[in-house]
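Protein chains: 2
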Amino acid sequence: VADRRRLDEFGIIATYFRPLAKGYSGALDLTDDAALIEPAAGQVMVATTDTLVAGVHYLVGEAPDVVARRLLRVNLSDLAAMGAKPTAYLLSLTLPEDVDESWFESFCEGLRADQAAFGISLAGGNMAATPGPAVLTVTAFGETPKGQALLRSGAKPGDAVMVSGTVGDGALGLRALQGTLAGVGAESRAFLASRYRRPEPRLALGMALRGIARSAIDISDGLVADLGHICETSGVAAEIDWPSVPLSDAARQALAADPALRAAVLGGGDDYELLVSVPEIALAAAAAAADSCNVALTRIGRIERGKGVRVLDGQGREIPVAVSGYQHF
Amino acid sequence: VADRRRLDEFGIIATYFRPLAKGYSGALDLTDDAALIEPAAGQVMVATTDTLVAGVHYLVGEAPDVVARRLLRVNLSDLAAMGAKPTAYLLSLTLPEDVDESWFESFCEGLRADQAAFGISLAGGNMAATPGPAVLTVTAFGETPKGQALLRSGAKPGDAVMVSGTVGDGALGLRALQGTLAGVGAESRAFLASRYRRPEPRLALGMALRGIARSAIDISDGLVADLGHICETSGVAAEIDWPSVPLSDAARQALAADPALRAAVLGGGDDYELLVSVPEIALAAAAAAADSCNVALTRIGRIERGKGVRVLDGQGREIPVAVSGYQHF
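Going down the list, the sequences are from chains E and U.
Sequential numbering from 1 applies to the first sequence in the working numbering.
Sequential numbering from 1 applies to the second sequence in the working numbering.
Hints listed in this document are in silico derivations from the structure and should not be mistaken for laboratory results.
All clues stand as given, with none of them false.
So the derived label-pair ranges between C-beta atoms look like this:
| # | chain 1 | residue 1 | chain 2 | residue 2 | range |
| --- | --- | --- | --- | --- | --- |
| 1 | E | Ala-116 | U | Pro-243 | 51 to 59 Å |
| 2 | E | Val-99 | U | Ala-285 | 41 to 49 Å |
| 3 | E | Gly-316 | U | Glu-62 | 53 to 61 Å |
| 4 | U | Pro-157 | E | Ala-41 | 32 to 40 Å |
C-beta atoms are modelled at their ideal positions from N, C-alpha and C, and glycine is treated no differently.
Bound conformation, chain E alone:
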């Protein structure tokens, strides 16, 4: 803690946060009581909020810039699941007193990198002190054309269930970071850890699937739990064919070493892939949309009449899955 220079909050904001708001006139240079957010003509604003707590949602000791990017990305993933284009965000930092300036320096460097990557800007926020662990909240804003937001509620029997990227890397990556993932090489462990630490919000895919997907969600609670959310909201059931679930090479390696990890792949969370339902007639359009975004979109099951989510093995037998996961609202 050689770097224990202490700026006051005004200094921190002026030095580290104000530059992050330069590109957004509605941020009012972070000098006012609130931000002005104006969707473009014909667009609806989409707003979501998500929180990371030190020691609960990220490992204590994680680099602040990595935490910052993860905080932004879990929020942007919610916008992706709505088919929204992100525009700006508010940041609410509740921090222990002993956070030093180097923390802000690194944290804001992470924000800066992802603002550039995703074309967004800081628009406002709040800082407060806590005797407890850091609680970091982002409220992210995006836009969709009126009536074109992707919702959880549109799934219909007969729809194909599709998922982007690969599933389970987030849950396995957390285990890799915790040192509890056995039988997996160093390179694969590093890959899985990076998937946990730096999720990839599927923003381009979400936008490309407007008018194509009938329902959408991002996988934060886990594949089965999140498909369950679609089913409950849409009043339908779903089946997943386990053999068709897309896995990374690293995840395959982990599963080969410990088949019981299948529960983590199906029931863990933190993948931040898009899970969508697509009517048969739109499957070609969905494939083209995924191609245009250079993202894999794999058919893993189907929407049916009824309630609940069933996972079937290669012989059509049901695989029992324990579902947990935090609930967002």
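Using the hints provided, position chain U relative to the given structure of chain E.
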């Protein structure tokens, strides 16, 4: 803790939070990844976020419904300072594991009461667990006609400095709750405590002062600190005439018993009154606006050229004031 029934988060949301979102179609029944927020035609959206930490921003043991209303009101006060009409809010609750259902019952009853009072609706949010104290964040949304938001940056030399209601009750009320306010009767202590616990966001006044006030802020950091924010943002100085600062009878009683409390009145915060600058030509309009809202609006000083805020006593001598206060951005 007889009432230690535990619903899971889904149950809590369905039972307590979903009813609070019924009136707002963009909340999507709290079943989706994000909320849809659509300002009316010609309106700009105004967004602000503020956090209360248990034991830091409210006393541990405070009734949950009181905390909920205070949480909403400190955010609505920021919208009032922008001249915005509030519409909806997101709620981010980071809670210790031992919060029981009766907490949610009371907390949501507080939200319900103030949703009705202010014509707003819950639109979405997030719940997370923490090993630390509760961290409660609201992001509030409002609307103003394009170009009519009240900003901190418009003050000009010659403007009158005006404040709504009475000043210092918040800081004195906190002392009353902490049992450190001597020489004040029980009724006055109760009045001051209620001013701290249930601030009154001056929403109607903020809207009525559109096109009249040149600059505006709400008093959360303290009269002198917040006038300092206006001065810094507007590039001006200000003088306050201490004898003209409006005080409640209870505050007068406290000051009579302990004149040193003047520092708390000038430098404390939590009043959530509006502090505005008004050009001479608009003073009659400002008075009419305040009358129409049935709120006192008192002239307490003037904007001048230069930097900083000076407080003058009845003889024109400067009163030294220590300024602190949390910084919001």
